[in-house]
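Chemist: One-letter residues, chain by chain:
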Amino acid sequence: MSAAAGTGRTARGARTTLGSARLYAALVVATVLFLVPFYLIARNALSTDADITGETWTFFPTDLQWGNVRELFDDPAVPFARALWNSLVVGVLHTAGTLLLCSTAGYGLARIPYRHAQKVFYLVLGTLMVPAAVTFVPTFVLVSSLGWVSSLRGLIIPGLFSGFTAFLFRQYFLGFPRELEEAARVDGLNHWGAYWRVVVPNSLNFFAAIAVITFIGGWNAFLWPLVIGQDQESWTVQVALSSYLTAQTVNLHLIFMAAAISILPLILVFVVLQRWLVQGVAQTGIKG
Amino acid sequence: MATLPHRPARRGRSPVPARGGPVGPAGPAGPARPGTVRTAERGHALAFWLFTGPFLAGLLVFVYLPIGWSLWLSLFEARSTVTPTEFVGLENYLTMLSDGDFVRSLGTFTVFALFAVPLTFALSLGLALLVHRIRFMRAFFRSAFFLPTACSYVAASLVWKMSIFNGVRFGLANTVLGWLGVDSVAWLASPDPPWYWLVIVTVRLWLQSGFYMILFLAALQNIPRVLYEAAAIDGARPGWQTFRYITLPQLRTTSSAVILLLLIAAYQAFDEFYNLLDKATWGRPPLVYLYNLALGENQDYGLGSAGALLLALLICLVTLLQGRFLGFGRERDA
Numbered sequence: 112m113s114a115a116a117g118t119g120r121t122a123r124g125a126r127t128t129l130g131s132a133r134l135y136a137a138l139v140v141a142t143v144l145f146l147v148p149f150y151l152i153a154r155n156a157l158s159t160d161a162d163i164t165g166e167t168w169t170f171f172p173t174d175l176q177w178g179n180v181r182e183l184f185d186d187p188a189v190p191f192a193r194a195l196w197n198s199l200v201v202g203v204l205h206t207a208g209t210l211l212l213c214s215t216a217g218y219g220l221a222r223i224p225y226r227h228a229q230k231v232f233y234l235v236l237g238t239l240m241v242p243a244a245v246t247f248v249p250t251f252v253l254v255s256s257l258g259w260v261s262s263l264r265g266l267i268i269p270g271l272f273s274g275f276t277a278f279l280f281r282q283y284f285l286g287f288p289r290e291l292e293e294a295a296r297v298d299g300l301n302h303w304g305a306y307w308r309v310v311v312p313n314s315l316n317f318f319a320a321i322a323v324i325t326f327i328g329g330w331n332a333f334l335w336p337l338v339i340g341q342d343q344e345s346w347t348v349q350v351a352l353s354s355y356l357t358a359q360t361v362n363l364h365l366i367f368m369a370a371a372i373s374i375l376p377l378i379l380v381f382v383v384l385q386r387w388l389v390q391g392v393a394q395t396g397i398k399g
Numbered sequence: 057m058a059t060l061p062h063r064p065a066r067r068g069r070s071p072v073p074a075r076g077g078p079v080g081p082a083g084p085a086g087p088a089r090p091g092t093v094r095t096a097e098r099g100h101a102l103a104f105w106l107f108t109g110p111f112l113a114g115l116l117v118f119v120y121l122p123i124g125w126s127l128w129l130s131l132f133e134a135r136s137t138v139t140p141t142e143f144v145g146l147e148n149y150l151t152m153l154s155d156g157d158f159v160r161s162l163g164t165f166t167v168f169a170l171f172a173v174p175l176t177f178a179l180s181l182g183l184a185l186l187v188h189r190i191r192f193m194r195a196f197f198r199s200a201f202f203l204p205t206a207c208s209y210v211a212a213s214l215v216w217k218m219s220i221f222n223g224v225r226f227g228l229a230n231t232v233l234g235w236l237g238v239d240s241v242a243w244l245a246s247p248d249p250p251w252y253w254l255v256i257v258t259v260r261l262w263l264q265s266g267f268y269m270i271l272f273l274a275a276l277q278n279i280p281r282v283l284y285e286a287a288a289i290d291g292a293r294p295g296w297q298t299f300r301y302i303t304l305p306q307l308r309t310t311s312s313a314v315i316l317l318l319l320i321a322a323y324q325a326f327d328e329f330y331n332l333l334d335k336a337t338w339g340r341p342p343l344v345y346l347y348n349l350a351l352g353e354n355q356d357y358g359l360g361s362a363g364a365l366l367l368a369l370l371i372c373l374v375t376l377l378q379g380r381f382l383g384f385g386r387e388r389d390a
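Note that the protein sequences, when read in sequence, are chains A and B.
Quick note on numbering: the first sequence equals residues 112 to 399 in our numbering.
Quick note on numbering: the second sequence equals residues 57 to 390 in our numbering.
The hints are simulated quantities; they were obtained by calculation from the structure and are not laboratory data.
Predicted, not measured: the structure shown is a model, and the values here were computed from it.
Where is the CB? At the ideal position from N, CA and C, for every residue including glycine.
Keep in mind that the hints are not guaranteed to be accurate.
Unchecked claim - Quick look at which bits of chain B chain A covers, simulated, 3 or more residues with Cβ under 8 angstroms:
no., stretch
1, 201-210
2, 220-233
3, 318-330
4, 367-378
As the list claims (entries may be wrong) - Residues of chain A placed beyond 12 angstroms of chain B at every Cβ, according to the derived structure:
no., residue
5, Ala141
6, Gln176
7, Val180
8, Ala192
9, Val200
10, Ser273
11, Tyr306
12, Asp342
13, Val361
14, Ala370
15, Arg386
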């Protein structure tokens, strides 16, 4: 009897091992497929054009071309350093502004008992139905009539008022423990004081998650920067990259070096802030 | 702010206090201490506008105003100008609807969504199920699939167009085909056969699946274990049966949210089409078409606005229909 039980256990164990071996095999294959594009970017960025276009496939460049970095930044055709700077400024200001405006709006909608709050909430919800990308034509008309074309203002300001982000903050604040604020209110703080001294310090995880997601969105945005960036000085990294794709002369190694440099900051953000990011995406997904 | 009376016990969702009544000179009909209540009301109003005012102002100027302006412009002949003179009524809309290219762009979108939405859904759910089942190195595999989310559509398009699906022999896909003895394929250069769909759809799969995988992973973790234990007792075989009768129904809310997000994202497809197909006359989804129309050489804001509004209308319609079929929103806010 004990022998039977023993073989039973072994058989089950063997089956599980086989099952998980297959599982891991599938995962490894998928991982390789998912990482191939990153490998290609790195490989091409550090190759010569001859290496990239060679008759036989070279898995690794024979001689790493670190000089490609310098060549990219010295290329007068595309002001890449300027584009990087623009993207950084836009990304940071876009994130800071969005957090400030959307979090306070979300808090007001979730927590302040005011009789017109519901109407305001419907105005915010209404924008969720209108896809942002569809309004780019009229928004461009508006922004150009303000004289903001090819300016950082034009790049940043119209994007700050995200109904979706305000909605996420509202949902989050609805779930925030009410007791903490009430204690603060009893201690004599008004809404504003309770918000800044109690609610925000206790919500840093959520703020961080939204900040990371907003920054990534800002950094990777393409349509609006393309519409607004009518002169090279106001190009963001994505517009600069795109200009290589549609240009006449093709320097493959430069294009891929530019792509690598455009991705690098976000890879760093991903690696360092992985936990928050996953948490944030899970939260936005469930509640959105 | 002054001292406050008991605040209404109701949650912020319907912040109108039941005892508020008509506030104003007539005074609230509340029971005790009407004066304090009125002060409190005023305090809340001030705080509310302090919190939401700046956001709301921006929303009105940068979202609602453009929509209104767009409606206005769509009724006029407005080429290269935003101060139109000639009123044409609904003519722009009729022009757009009878414009073969615009209608074709809607068709392009439909084909794209038919491939991209189910495939991204299936791949992200599949990856989530795989990652959910393993115990060792779960974080590693999750990161590997999530990492492409860091990539922009422009950068991804670049790798796809210039390296993987480069139509010449040194492209990765053609190199692999070469090893198998198959001739090179011009992936993007011709609509016949429509290989460009393979390129366009795989970009999106690569960029998006990891994001939706995270949503599914979170949902999988919320399924109570007892359900599986009960199913095992009832004799359900692990694998397809438990997936079909437990996992899938439990993922219903997340699934319909994911489908909605995928559909909306598909409608807004621009980056990969613009960068991969450039000046090609095929594979133009609505946004690329509208971009060329309104911001290209003609700068036709009237027609562009009409097209944008038609598209917005269509998106709202699909969203509502989808909500009908999949019950999205039923459990939201619960």
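Chemist: The structure should be examined with respect to each hint, and the outcome stated for every one.
Modeler: Verification of the hints:
no.	hint	in the structure
1	201-210	holds (count 10)
2	220-233	holds (count 6)
3	318-330	holds (count 6)
4	367-378	holds (count 5)
5	Ala141	violated (7 angstroms)
6	Gln176	holds (16 angstroms)
7	Val180	holds (17 angstroms)
8	Ala192	holds (18 angstroms)
9	Val200	holds (17 angstroms)
10	Ser273	violated (9 angstroms)
11	Tyr306	violated (8 angstroms)
12	Asp342	holds (15 angstroms)
13	Val361	violated (8 angstroms)
14	Ala370	violated (5 angstroms)
15	Arg386	violated (9 angstroms)
Of the numbered hints given earlier, the model fails hints 5, 10, 11, 13, 14 and 15; all others are met.
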